[in-house]
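Starting from the known structure of chain A, arrange chains B and C with the ligands on it as the hints suggest.
Protein chains in written order, with our numbering: chain A, 1 to 425; chain B, 1 to 320; chain C, 1 to 166.
Worth double-checking, as some hints may not be accurate.
Sample of chain A residues at the chain C side, in silico, Cβ under 8 Å [stated by the list, open to error]:
#	residue
1	7
2	22
3	26
4	38
5	40
6	44
7	47
8	51
9	275
10	279
Calculated lysine-lysine pairs in the DSS-like style (CA-CA distance at most 27 Å, straight line) [said to hold, decoys possible]:
#	chain 1	residue 1	chain 2	residue 2
11	C	39	A	387
12	C	11	A	261
13	A	134	A	195
Since the hints were made in silico from the structure, they are not lab data. Every residue, glycine too, gets a C-beta built ideally from N, C-alpha and C.
Listed below are the residues making up each chain.
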Amino acid sequence: MITATLFLVFAVITILGMPIALALVGGGMAAIVAGDLMPLFTSVQKMFSSVDSFTLAAIPFFMLAGALMSSGGISRRLIDFANAAVGWMPGGLGVVTIFSCMLFGCLCGSPTATVAAIGAVMVPALEQGGYSRKFALSTIAAAGMLGTIIPPSTVMITYCSATGVSVGSMFMAGIVPGITLGALMIAFAIFYGVKNRIPRTKFNIRKFLSASYHAIGAIFMPIIILGGIYTGIFTPTESAAVACAYGLIVGCFIYREINFKGLVETVKSAAASSGMIMFIVACAGVFGLLMTREQIPAHAAEFIMSICSNKVVFLLLVNVLLLIVGCFMDTTPAILIIAPILFPALSAYNIDPVHFGIIMLLNMCIGMITPPLGINLYVAATLRQAKVGELVNRHLLKYMICCLVNLLLITYIPQICLWLPSFME
Amino acid sequence: SGGDSSGGESAEGQTYEWTASSGLAVGSSWDLGLLKFAELLNERSNGAITLTVHSGATLGSAKETLEGVQMGSIDFIVESSASLSNFTDAMSVFDLPYLFPDAATARKALSGEAAQGQLDALESIGMKGINYWENGIYAIGAVKPVKNLADLKGMRVRSIDSPLQADVYSALGAMPVVLAWGDIYTSIQTGVADAVSSTAVTNMYTQNFYEVAPYITLSNHGYSPAPLICSKSLWDSLSEDIQQLVMECAEEAREYHYQICDEQLAEYMAEMEANGAEFIEIDQTEWEAAVQPVYEKYVGEGGIDPVLVEAIQTDVEAVE
Amino acid sequence: MLKKLDQAFSKVEGFLSVVLFLAMVAIVCWSVICRYALKIPFLQSEELARYLMIYIVYIGTSIGVKSKSHIGVEVFVDMLPEKIYKKVRIFTEILCMLMFVLLFVLSLQMFNHLIMTKQMTTTTQIPTAVVFFCLPMGFFMGIIHYLYSIETMIKDIMHRKEEIEA
Ligand code: NA
Ligand code: NA
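Bound-form chain A, shown alone:
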């Protein structure tokens, strides 16, 4: 009854075309009333605490950094540079986008921050390079998840704390699956570039050198971000703030493309985008709380264990469950709830806990790009003030197929992820 109310109200508000955030909080509040579960104002308490996290601050920071880069002329110079460097390759810019996400993902565990940070530069670059907007947005939404699989990853740490698996082993196990997924996506981008005859420029060394020269100030930006995190000067969230400061200085004083009025507009638009994304995060917290209270994922997991004794069927059903949960719940609570329930059963099915962790992670990642609720889709859409419907297209479907192929490979060939950690013992 409570569960039915939760999903029904969510569905009705969604179908009416109202903001997805209101659908989430509306479903949650209706369920609280239906079950007389707790005071209704618990919902606003949850809306506050869901965004009360310093790690989440990376999202508004990278949104501001992105806005400052584009209004300050940094993005344009980086785009020219990228075009001069890889414009001659088939699908070159698509490849660069995905590769940047992998590189950024090596340092930052947040998929949404990856989409905001890389997308701010690469989506306009892709469009300018002749790729369709739909392809550009789908690419960044999908590639954004790579950072969660490629270590370090806070989601992995969450899994390890819930199950007692070593973080070191999990990190090692994520490397190859992250690379294979990145490679699959890159292959698709190249295929797209060739098939759609995206115009290719001839490589010109003089043009390349001149673009590099003009982009020196801009190129320092990723170097500062990546270098700073790698050498332990700051955390990923802090790096986002440093990126804003750097973008501000370069845009206002070096390239001099931002004046005071422009600055106000830029910051205001970044505040609106952040507000929009974080409002969804806040409202999803209310929906997730109800899922937890009603123990919906827990009951589903117990149900799966009760009906099957076969390893292959078990993994398949778990994959399906996680994909569905990933549509409605944030990654961290979902892992905290489901992992401890399934974990004790793993030995009975003869499944390695590290292997299982990677499977969970991949599933939750796919959940980030599945409608109606895929947080990466929403962040990508804000990059271009697009409708989310625009992102649900055949390109996104193909990226999902890449993910599913990768998932199947890893599910049935455990060595892909277990090979590297085996050296640690």
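Chains B and C with the ligands only, in chain A's frame:
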């Protein structure tokens, strides 16, 4: 706190559906203790009481679940005294370093009159303190061996965001760095921090901190009790019989929780040692002397009642 | 009247978001400098940055109402014929506004609860209620934006009707 439990008269056939929250993971001493509590309640009430336990902070952060207890959306909670400091001054005395010399003494001293009085003081913020469980004794996990204060000098030590805790590390000669719980592992890996502290020894294992900070100094510089709390609105609605039953079951569950704590500590330390961690014992006197400025700053004008501190110290001496 | 309020709140939102956002950048950058160059602890930074962010989020939520950037799944309503579409849009806009009213009332309740319980923040020791205030504030400004938007939509329909009748 479903609709069933409202009303309060323990009429025949009345059932109670309660919710409990714990911030530590499934399988932790808090989780297992609460499950024991739930089992005892159910058994002794002949099935009238059902307590559902949500562990791993799935109902929310410490701040938000404690608010939930105040508002009556969560019925029972185990939470560390440090988290309660934002809600009341009653628990901030336990933030003081070296208030207790070790965990065994702390457990006994906490049943003394002074500490029990602080449980009762929770009533003023809408909570009924039942009894003290524990979060554990603090240690320092570092990237290099810390055998004395000279080794600690200048190290960047992760602290919780409490000013008192941070002052403890400053007094010990280190530089406190505030990091969110989820950022600790990678921050030590990349070098943002050199050591992790303000956390119990068991967490070094459950959070895998020992993988990146394998030198664990058993400094005992803090002991964090964790009261078991009932929502006051629920408590006041219960009949005396039920209240009595809750108290009895909580007492037994606490003993079980202590037993789990001891077992897990031994097991985890052995496991960590087997995986390359090194445990370092220190001479506590040098450290105790070093943190005296923290007492001077926070006791008295700093907000912590000197009479209370003395009363607890008397209880500690009585135990010793 | 509604139009003036709507514009006034827009200005306030713009001003606040710029000041708070830049302050947040400055605080976090300063904390990195404190830790690495000056080697002194700056404990309040994490908490201050977090609370500034929450303010930005709820001011941003209200800006999002004004700029109509809160994303929904619009494929289904887009399929409706134009006449019905406009009416459905007004209906859903009113529904959104009512949900904001509900959230506003609830957040005032929560605000009141925080004042009654005198909860303080950990490092900066300011009342949590002060931080939480951004929720009722954001929702209130959102309600004004919704009201103005509804007024505009209704006027638009009336205007069309008059045009057709004339
Ligand atoms: Na990563
Ligand atoms: Na999804």
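Taking the numbered hints from earlier one at a time, note which ones the structure violates and give those numbers from smallest to largest.
Hints 1, 4, 11 not satisfied by this model.
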